[in-house]
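Protein sequence lines, in the order shown, are assigned to chains A and B.
With the working numbering applied, the first sequence closes on residue 278, and no number is skipped along the way.
With the working numbering applied, the second sequence closes on residue 291, and no number is skipped along the way.
Quick caveat, the hints were computed from the structure, so don't treat them as lab data.
Predicted model only: the values in this text are computed from it and were never measured.
The C-beta atom is built at its ideal place from N, Cα and C for all residues, glycine as well.
Some hints could be false.
Here's a subset of chain A near chain B, in silico, CB distances under 8 Å, partners left out [to be verified]:
no., residue
1, L17
2, R21
3, K102
4, I104
5, T106
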Amino acid sequence: MASRTLAVWEHRKVVGLLVRRDLKVKYQQSVLGYAWTMLEPMAMTLVYFFVFGVILEANRGMPADAGAYGGFLLFLVAGILPWTTFGQILGEAPRAMITHSKLITTMKVPREIFPLATVGTKFVEYLLTWPVLLVFVFALGGRPSVGGLLLWLPLAVVLTFMFGLGVTLFLSSVNVLLRDVERLTRILTRLLFYGSAILFPAAMVLDSEDVPGWAATVFQLNPLMGIFQMHRTVWFAGFEELTPTTLALTSSVVGSVLMLIIGYWTFRRLEMSVLKEL
Amino acid sequence: MAQTTYGAEGTGGPVIEAKGLGVSFAVNRRRKRSLREMFIHGSKRDPNAEGDEFWPLRDVSFEVARGDCVGIVGKNGTGKSTLLKLIAGVLMPDEGEVHVRGKVAPLLELRAGFNDNLTGRENVYLVGSLHGMSEKEIDERFEEIVDFAEIKPKFIDSPVRHYSSGMKVRLGFALISQLEHPIMLVDEVLAVGDKAFKRKCYEAIDRMLANQRTMVLVSHSEKDLRRFCNRGLYIKGGGLALDTDIEAALDAYNEDTKVEIAERKKREAEKKRAAEAGREDGEGPTGGQAA
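With the rest of the complex left out, here is chain A (with noise of 0.2 Å):
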């Protein structure tokens, strides 16, 4: 296990290799690259906005006073940015071995620096949607505090990566065995999405009356639910509705820690039939 972490450090050169090829053929092939990537989720985040904040009227689960600061809006876009680049690490995991199996039927590296490339590639496109977000915040007047950006903040990013690579591990490897994984998390993909509460405050399942006490817990046993709660509470300083619950909170720590270990543990697993399947 240590020998293994240390060839993959090896070959870490091999991993920004990928990464950077990876966003030279994305963004060369269209003048607008960047423009189009973020064009997406402004538009979705235009949509919701209507459909759930003025027609729904999800944005009564805020808190009364966060309107000052930014409002349904910027929680709207707090959580759709980041949840953009966790949505295609998940549509891009079952894929990350088979595309690139010339290279590793030809090439004899430390299998795992390609799911490693594959979440790589998206944590530097996620930082390619802080200068829009930044935006929002200042155009809406998000309320950071120091302690949000110390300890939220890369607290959430930490969370979502790991959590990201331990899913990017397991899908990688089984969906070379089982081909259907690739469907399958596409519609996980959805319900996590409405299961994360990126939509609306996480407040209004918990204080609602007609959830019973054991669904609001299985609600917050969800690890993404509160990384998602962490993504947003950055720019709500002091709004209590908006932070993580201490039960949120070790279900999003414990969760990631969990999920990188089991798909660390799949992949190493499966390593030698997929190398076989390739």
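Start from chain A and add chain B according to the hints.
Showing chain B alone in chain A's frame:
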């Protein structure tokens, strides 16, 4: 314990050492069962699964010394490429072990790693770095690579998807022949390009071999094998049948092929005879007349 190890170069002893090497593939639905086993039963193998296993290669042991050029001969589907993949470390053995001392240049697929959307130049840097060349090394050799590949300067900065397949293969060979790895694994890739380019390839390989480098070559071309190899491994039915010089290995292979062709002819003749006999029985006098 099945394993593949890679040591440092120059520690003496054989460069490649294989002991009791074997690899099994699942036939039919076994691979799905292996998934289920993994999650439900852990590592315990289903004893009934034995019959579903297929061993393309089993119990293969040999050593390759520094500077050797070993040719692997055998029929299609007898595990030659699998053996090469095991040495390259891109496939893990189910049985036995391989020890490789020194870095391996796997010339298993010349275009591996080329991305169609990148330019020739970008691809040379990408694939070169993937094989462990530093940017400086590539800088120094870039001219030589492009020159060798006979790619006109105006094309080197256009995307590889506009290249002809010949151009891609030539660029791949030109790049890989610049690698300085002490061990080279070659799988049927010597015969690339047109006649003139092929000659250049042969010369490049001669130069590499003269440099005390070790090569393992899988090929169906007797000419290539005789030209480069000093040793031959004859793989037959998933096992190592002969480990001698290349002439003896090729002779044994040709002998077996001759026997097989003779047998097939005999079988065909018998079938024909049986069919004719059947026709005679069924159609009576007409069949007899035709015969």
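Status of each hint after checking the structure:
1. L17: holds (5 Å)
2. R21: For R21(A), the interface hint holds, since the closest Cβ of chain B sits about 6 Å away, which is under 8 Å.
3. K102: For K102(A), the interface hint holds, since the closest Cβ of chain B sits about 5 Å away, which is under 8 Å.
4. I104: holds (7 Å)
5. T106: Nearest chain B Cβ about 4 Å off; hint holds.
Checked against the numbered hints above, the structure violates none of them.
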